[in-house]
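*Asks:* Place chain B on chain A using the hints.
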Amino acid sequence: MSLRGITRGLCFGVLGIIFATGVFAGVVTHYSYATQFRETPNGPPCAAHLLGTDSLGRDLFTRIVYGTRVSLLLAPAAALLATIIAGILGGLAGLRGGWVEKTILAAADLSLALPLFFVLIALRALLPLDISPTFSVVATFVTLGLLGWPASLRMVWAAARRLRDSDHFLFATALGYSKSRLLFRQVVPNLRPILLALFWISVPLFILTEATLSMLGLGVMEPLPSWGNLLRGSEDFSLMFENPWRLAPLGVLVVTVVCFQYILPKTGETA
Amino acid sequence: MIRRSVLLLALASGFFSCFITGAHAQSGTELHFCLRGEPKTFNPLLVDDDASENVRYLTGGVLIRVNRQTQALEPALAESWKVSQNGRSITFHLRAGLGFSDGTPFTSNDVAYTMRLLMDPQMHSATSDAFRSGDGKLNVQTPSPDVVTITFPVPIGGLERLFDQVAILSARSPKKEMATLGAYFVAEYKAGSYVLLRRNPNYWKRDAQGNHLPYIETVRLDIQRNRDIELMRFRRGELQLINRLDAEQFDRLEKENAAAARNAGVGLDSEFLWFNQVPSSPLPDYKKKWFQTTEFRRALSLAINRADLARVVFFGYATPAYGPVSPSNHFWFNTSLPAPRYDPQNALAELAKAGFRLENGGLSDSTGHRVEFTLITNSANAVRQKMATMIQQDLAQIGVNLKLVTLDFPSLIERMTKTFDYDACLLGLVNTDLDPNGQMTVWLSSGEDHQWNPNQKTPATAWEAEIDRLMREQASSADEKLRKAKFDRVQQIVAEQQPFIYLVNENALSAVSAEVSGAAPVALNPQAFWNIDTLRLGPSKQLGATK
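Residue numbers (our numbering), protein chains in the order written: chain A, 160 to 430; chain B, 3 to 549.
For reference, chain A alone in the conformation it holds in the complex (with noise of 0.2 Å):
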């Protein structure tokens, strides 16, 4: 095996590992992500507490599991998301061309040129406030998600574009291939590799929007952790070499979007 792949097996392996703990997160460890241990803010790692206590006391190392189960979970949902609308649209787009391609680029460089913030922030003022935490955290994700395809369609529309210009697709269409057989024969299989690709560059991508909209008091609302809000509570650089275990949910987040980076098709692959 080249190196190459042993280390996108080991990506893979640590991704895994990291999922699995979001998942069973209320197996590895047996405190809730909102209790407040007052007495102990901002404390050094302990036994009770393997890596300390944030500045409300909450138990660092079960907020950020907590908080990977939200992330990891739902900032793939999102990419996977915005990769199907892009692909639908830029698959539309590019096979159909006229005032179809016309339209729907012409739409994508409108949400393009959108400020993506200030579109959360007047969608975020406008939802109504009685919602639950886990109502809201999934709104910012469905949010990026619809609001996150535009820079996928473009890429989309000049492979399909490529496609529909190809030899074997037009000797398909003379063949009288029926609509549906033309989408699952050539359309599909030969846009996967740049679907899977831009599906996969989108979560990191979303990972670190939602941390971005965190730190500005946007996403995931208390008490509910994700990786963002976990972040947030370290935004003063100088007290981490007071107290460098709070780096922890920035070292996981970094591994993460590492390991994703890894396990990307290579060029050869997505071609």
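Check the hints yourself; a few may be wrong.
[As the list claims (entries may be wrong)] To be clear about the criterion: a stretch of chain B counts as covered by chain A if any three or more of its residues have a C-beta under 8 Å from a C-beta of chain A, and this derived list gives those stretches:
(1) 403 to 415
(2) 418 to 429
[Said to hold, decoys possible] Cβ pair distances, simulated, as ranges:
(3) A:K261 with B:T434: 52 to 60 Å
(4) B:N362 with A:R351: 29 to 37 Å
(5) B:Q399 with A:S291: 17 to 25 Å
These are calculated hints, taken from the structure and not from any lab test. Even glycine gets a Cβ: it sits at the ideal position worked out from N, Cα and C.
*Replies:* Structure of chain B alone, referenced to chain A:
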């Protein structure tokens, strides 16, 4: 090519500004600190933001000054004054032979000009609001260059104290509002960058030895919004003062340099929450009923552990709040108010009185509705979000399901003032005025800052009607004892009814470099430089180190 030239120019200007900054820092005659925003105006009558307020304090000459340390009134441009028995007029005897920073002589005509301008409705001066307690015109008489009598249409409570905010303008100077009577005048201003103040050569004050004040030649105010950068620059020695520090920054600084971290004790600012009691709000009727029930509000107040908020969120640099007046406001604080209590058992007893019951860990009202509501606060304020999270856990102990939502400030204000589509809100109040007249719009039921139910045509409750009456009576009385008695009663009603649930009063925290001598930070704004005219920049690093 153009881009390259701009880059070179930027680099050059950066180099020269560094050079100039270095030269200033070495001179030992320039005090350097930050404004947290762009001053919106240099006209002292139009000030309504923090940055302009600080510039006004440093440059404006006033007739009477409130001593920020003793909270007593002191003569400034006026040697003496007398308020008439009916509280409608005040006569000032001015110091003779004074002049503005540009040399224009100061006379009673300048006071008359300033007061007329201040009270002109076209000016829309926020400072003038405190003087408007009734309809009618202002009358100003200047029998001599050193005497001026100002008569208001109705009596004004605490009239003389209001003049601390009125910086006198020159009626004749060609420099208009840039000619000042205070310790400094604005010498340079670069938008977005800095304000440079230079010592007023004609400033009236002398020290005990007869030396001209202020001691410091220039004050450079850098415009810096980011508090972390401000602290970093202070640590590097680029700044000599930070007027206000938050608790976390202060805690950090104190560990590094205890002499520089100055804690002036409990401050005037408060953090509080309130429930939406607006009858026309789009809330369901059962929620409106909860929020309008006194026992409900009292119970939730009892269930909040304020001591934990002060200790955990504010690192111990805050005090559980009694009510609308901080204990640091020596005259107006009602000392007979009960200390804030944390008592979840009593909270449940209060709730039971109003028909609420605790079942399976959840609180329900008499009609079976589960008690759950949303608390909104402004996003990007980590301190308030921490407070809200702690309150969430406290209320969970009495079966209340509290949800938290942070909103950007414009959305928050829209919900608070226009749509009234919210359950409860957590915010803070920066209090700059010691006198209760500064809070009229908060306490009058018709006021727009009466947040729990603003702009009422007639008071919705008997206790609000009583507050209206007491506030109006104290505002139009010249008898300080009577005013105090009436405002004590207002504080008592607020403690009983809990329309605002006061949480903590944050300490007044600031940072002063060892290079500055004479600094004695206080609770009142401006905390760290209230005595700017007697501050010195010493060559010795030891000078400012004493607390």
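*Asks:* Can you list which hints this structure breaks, lowest number first?
*Replies:* 4
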